[in-house]
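There are 2 protein chains.
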Amino acid sequence: MSQLDRVRDWVSQHDIDVAYISDPKSIEYLTSFASDPVERILGLFVFADQDPFLFAPALEVEAIHDTGWKYPVYGYLDHEHPFEMIAAQIKKGVAAPKKWAVEKNNLTLAHFNAIRGQFPDAHFDQDLTATIQNLRLIKSPAEIAKLEAAGREADFAFQIGFEAVQTGRTEAEVAAELEYALKKKGVMQMSFDTLIQAGAHAAEPHGATDMNKIQNNELVLFDLGTVHQGYISDASRTVAVGKPDDKALDIYKVCLEAQLTAQTKAKPGMIAEDLDKIARDIITKAGYGDYFIHRLGHGMGMGEHEFPSIMAGNKMVLTEGMCFSIEPGIYIPGVAGVRIEDCVHITQNGCEPFTHTSKELTYVG
Amino acid sequence: MSQLDRVRDWVSQHDIDVAYISDPKSIEYLTSFASDPVERILGLFVFADQDPFLFAPALEVEAIHDTGWKYPVYGYLDHEHPFEMIAAQIKKGVAAPKKWAVEKNNLTLAHFNAIRGQFPDAHFDQDLTATIQNLRLIKSPAEIAKLEAAGREADFAFQIGFEAVQTGRTEAEVAAELEYALKKKGVMQMSFDTLIQAGAHAAEPHGATDMNKIQNNELVLFDLGTVHQGYISDASRTVAVGKPDDKALDIYKVCLEAQLTAQTKAKPGMIAEDLDKIARDIITKAGYGDYFIHRLGHGMGMGEHEFPSIMAGNKMVLTEGMCFSIEPGIYIPGVAGVRIEDCVHITQNGCEPFTHTSKELTYVG
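Protein chains in written order, with our numbering: chain A, 1 to 365; chain B, 1 to 365.
To be clear, the hints were calculated from the coordinates, so they are not data collected in a lab. These numbers were taken from a predicted model, which means no experiment stands behind them. A few of these clues could be false.
Note that the list lumps identical chains together, so a pair holds whenever it fits in one copy or between two copies.
[As the list claims (entries may be wrong)] Each computed DMTMM-like pair below joins lysine to aspartate or glutamate, with the alpha-carbon atoms no more than 20 Å apart:
id	residue 1	residue 2
1	K25	D36
2	K315	E80
3	K184	E163
4	K98	E84
Same shape as in the complex, but just chain A:
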């Protein structure tokens, strides 16, 4: 049974008249059609007793046919009224749909009002978000294979990036080298802007790569990933140039212990928040708890914001096929920042990482 058929099943079981899927990532997952429509309208409409259809900008219609999509697709031109056209198509199959399900974590209030305006008597209480997130939660062997391929690309990027590190070179130059090597191999898309941060700059966990020059005797943080056939990699390593001071080395040691311990202990049956606690306790005990200011990890697959979130408060039980990051970080403003991250998938007995670059402190430059 395809994942789209599972959505249809869910629609049928919940007596939904129309399920409106608006998140481009959900649509890619269910149809293999990848697109970022920006402010244009892209929607997948699923029904219990009739075929689904896609509604898309006219300039996407050709590409949708190319994916092998076997159901109708309706295109619209920029000056047309997409929600009127959607309503007309729906009414051909269901004269007066009452019960709708929408992706509440994606649908904007403006689009919600637009579709509700077409169906003033309908109810929009049902949320599709969790249904689709749960479908995406357990990865199939085919999906794991794509995530492994993306992981190999990230390992290759680390190799090139580490070789590119030199005192006096900018963070930007190192990022340029590794992305160039990837693009020449046909890896066209990074999963996010490559992050290279040297020295105290790495203490800004959401800073950006810039023209900051790499100095001797400091740590350099890499956080990068690629997209392989719609599936991402995401990994972090922190490497040493020269002889970083004892404080920096101590942070590294503690962060590494937290990362390795969590990765060793992750297995089916464990509660998500307990895994966060395993890593956090190690960092807290070493005195750096206040400097680990984010969750241990995020679910991943086609993107970086899937289930399961590895954080306090999440009671989800880890199960074979779940994929997430294990990425403790210690950021001491003005001093140094360390983050070490693999994304893993839960196996029958434990977990396996998608990236295999050594996590022992590597001296480069």
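Given chain A's structure and the hints, the job is docking chain B onto it.
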């Protein structure tokens, strides 16, 4: 008066108790703080009679202070409940806010429900979208200067990219070369994935750069842009390798005439849809109307989806300081695709482009 003060004025004039700004681009525009919070919560709250505040993930707080933001910022940790915390802060200033304004084109239904749940007696009818879009619509000289700088980066990218074109090289390699050259100069962020499409591949207006090899006697389409201090460039050129056939050359000639004519005629006082029609009529008259399947242009500035949209149905009057693309395209499936694009700003008497790479058909390779 700062743009944030203008929002405050609007809030005051409309008797709004709380304006909740959720779009990261709007927040960047109003605060200079740039961030993509993904599924985390980032909000700017503006009031008539008290200071605004930012609410952000804890790991962004340091970076917000670094921008010089002079009002309060409240951070939250991943396991905390952001909307409860937001509500608590708001209630310290306004005990029972009734009238809210939100960005309906950005706020998701889930976040809307979360904030409404905290203020069950409030009304959320007012839409901030147009207010902020209208603020962003007319660019200041300082903004124009940033857009010009981004345009120069795009011109540089074309130069490198054209030099990189060779028969037998992949589209991906050409993209790699030009992005490498940009990154080495410290241009870290493209405004979208660089698009290089050779031959019939260019007839997919929303396709992607891939491992397709450039052949002799075909056209190669470039569409690219950079981000300079938060402001983007976006430009397209189509170049020739060898001797493309007469059909391809004819498409180019017609597309160029449409582009040049529209760019020559754009001026203050013109209606947006009339500019679209000027270009469209030329293409239609030449027999290619059915192959020009998108609007003539989009507004731009900090992103590619600002006002004014240059399309049928948009009666907006073009005014000095408005910025948008002029990008006719002709895409004949299986044959060839041509798009020629400059982004321009409306001046006192006409318009000026941000990119200056020649639009005459350039032979490369």
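Hints versus structure:
Both within a single protomer and between protomers do K25 and D36 lie at most 20 Å apart by alpha-carbon distance, with minima of 9 Å and 17 Å respectively. For the homomeric pair K315 and E80, the shortest alpha-carbon distance between copies (14 Å) is at most 20 Å, but the shortest distance inside one copy (46 Å) is not. Within a single copy, K184 and E163 get their C-alpha atoms as close as 17 Å, and across copies as close as 16 Å, so both meet the 20 Å cut-off. Taking the shortest Cα distances, K98 and E84 sit within 20 Å of each other inside one copy (17 Å), while across copies they are farther apart (32 Å).
Hint compliance for this structure: every hint is met.
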